[in-house]
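*Asks:* The lines below spell out each chain.
Protein chains: 4
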Amino acid sequence: MDNDQMKTYLQAIIAKTPFAAQLEAQVLHIEPGKVELAVPVVPERVNQHHGFVHGAIIGFVADSACAWAAGSVAGDVVTSEYKLNFLAPAVGERLIGVGTVIKASSRTVVAQAEVFAERRGERKLVAVALATIAKVEGK
Amino acid sequence: MDNDQMKTYLQAIIAKTPFAAQLEAQVLHIEPGKVELAVPVVPERVNQHHGFVHGAIIGFVADSACAWAAGSVAGDVVTSEYKLNFLAPAVGERLIGVGTVIKASSRTVVAQAEVFAERRGERKLVAVALATIAKVEGK
Amino acid sequence: MDNDQMKTYLQAIIAKTPFAAQLEAQVLHIEPGKVELAVPVVPERVNQHHGFVHGAIIGFVADSACAWAAGSVAGDVVTSEYKLNFLAPAVGERLIGVGTVIKASSRTVVAQAEVFAERRGERKLVAVALATIAKVEGK
Amino acid sequence: MDNDQMKTYLQAIIAKTPFAAQLEAQVLHIEPGKVELAVPVVPERVNQHHGFVHGAIIGFVADSACAWAAGSVAGDVVTSEYKLNFLAPAVGERLIGVGTVIKASSRTVVAQAEVFAERRGERKLVAVALATIAKVEGK
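Chain order of the listed sequences is A, B, C and D. End of the first sequence sits at 139 in my numbering; the numbers just go up one at a time, nothing left out. End of the second sequence sits at 278 in my numbering; the numbers just go up one at a time, nothing left out. End of the third sequence sits at 417 in my numbering; the numbers just go up one at a time, nothing left out. End of the fourth sequence sits at 556 in my numbering; the numbers just go up one at a time, nothing left out.
Heads up, a few of these hints could be off.
Unchecked claim - Mimicking DSBU-like on lysine-lysine, the simulated pairs with C-alpha atoms at most 35 angstroms apart in a straight line are:
| hint | chain 1 | residue 1 | chain 2 | residue 2 |
| --- | --- | --- | --- | --- |
| 1 | C | LYS381 | C | LYS294 |
| 2 | C | LYS294 | A | LYS7 |
| 3 | B | LYS155 | A | LYS124 |
| 4 | C | LYS381 | B | LYS173 |
| 5 | D | LYS541 | C | LYS294 |
| 6 | C | LYS381 | A | LYS16 |
| 7 | A | LYS34 | D | LYS520 |
| 8 | A | LYS124 | D | LYS451 |
To be clear, the hints were calculated from the coordinates, so they are not data collected in a lab. All figures in this text were calculated on a predicted structure; none of them were measured in a lab.
Model the full assembly from the supplied sequences, consistent with the hints where possible.
*Replies:* What follows is the structure, given as structure tokens:
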């Protein structure tokens, strides 16, 4: 698959994933080892009680960025574990996740993610993550 | 606050938290240092494309269990970071999160969570987390 | 192997591991899914500049507790990743690590560890860890 | 303090830290938000039983890189927690740790580290870490 085919393929999986489709998650860019995705901030859907984006949505963006970056080099994958550090409250029009593969091995991929809140075109780093993504066995 | 007051207080915060309210998160039990919560599995809302509960919902349950357990001993808190290990696909009628305080210090609380998928009354462990929760600075 | 044989086997591996042998790491107890180990606190060898045990030694105890517990159910293993929370300064005569398997899957084991500082027979919890341990690929 | 003074100051702390001094840890470079350190690979001191550098030494390098980078912007600090992913066996003449501050807040610093094994002048990435470093409370 070239990058455009990967993007189409991934966007089709999102459409079949109720939780991701409901959030209107969108692939902005994908290439082997790298992915960029966006989730619009619809307050009544994604916020917590102080008016910031809920941590679970930030977790979704971070995990997806890591897993989709891993999938771009390893095919069918599933997240084994991740660690997420929150850096600042997330406010803005949309969240951007940038996932990057650090190392792909025979069974697992280690990837990292940065999550940004985008406000009037400016991106502020709001979280970082480090994850282990497992290739799905056999077939 | 006694345990019943804490439960009422926390349930009121959930009601004001769009993302949590939408998931119908419910406090089952709270006491100092311990909390148990439930999220019903409504597939078209919380699933991923293989028919399991999406990792972001498991992350929500794990993070909430840690943060609410921390809040039960430390008042107003916010999650600094957590690590989450997925153990098994989550299938069932509801997710249960059990959060336990490991250590409360002057500024932070370290807590752990277990996430179970409950199916016909049986609980299966599907994820574990370890988190650092920060007390919100004085007012 | 029964528990005594596992203990002898593991102690023999420690003897061949320069870093562990030098620390005089000792297996106190091992059974399937559980291990307890000790490292004596020799200040000029393991301390940092405030007189507490250095975090790297606590990391050694935590990682070893997880990996050895995993090895007790999965054979030859190697640590993929761990997360370690420091809870209190470690002071005492020895460090104790207790490792417990949370879940053993076909390729990986998730385990947790508690690290205690033992002083005049009393144990104080000084760190907790959550780890992913990989089985070494087939032979 | 300028960069040279920070380097001298940090090297003096290492000299007073038994575990770090014994490993001959050396500051290669420090500037606000960034540090590079080296630990020579002396096999009978730092290896495990397969002839690779022991994970605890890699943990020391990763933790030190994060904590020292944090200290370069925040003064007196202590590690709260870190997560470490091992990527490849470490073989070579020395380990290099590169620590970078991601975000400095009023009470904590989030930092990341890369650990390389250097062999005949070539660096291979063997581990990555993500850490929360706490400022030591006021005096």
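*Asks:* Hints first: check each against the structure and report whether it holds.
*Replies:* Tested hints:
1. With a C-alpha separation of about 29 angstroms, the suggested pairing of LYS381/C with LYS294/C holds against the 35 angstroms cut-off.
2. With a CA separation close to 50 angstroms, the supplied pair LYS294/C and LYS7/A exceeds the 35 angstroms bound.
3. About 26 angstroms separates the Cα atoms of LYS155/B and LYS124/A, which keeps this hinted pair within 35 angstroms; it holds.
4. For the suggested pair LYS381/C and LYS173/B, the alpha carbons sit about 23 angstroms apart, so the restraint of at most 35 angstroms is met.
5. For the suggested pair LYS541/D and LYS294/C, the alpha carbons sit about 26 angstroms apart, so the restraint of at most 35 angstroms is met.
6. Of the pairs offered as hints, the one joining LYS381/C and LYS16/A holds, with about 30 angstroms between alpha carbons and a cut-off of 35 angstroms not exceeded.
7. The hinted pair formed by LYS34/A and LYS520/D meets the criterion: a straight-line CA distance of about 23 angstroms does not exceed 35 angstroms.
8. Between LYS124/A and LYS451/D the alpha-carbon distance is near 21 angstroms, which keeps this suggested pair within the 35 angstroms criterion.
In the structure shown, a violation is registered for the earlier hint numbered 2 alone.
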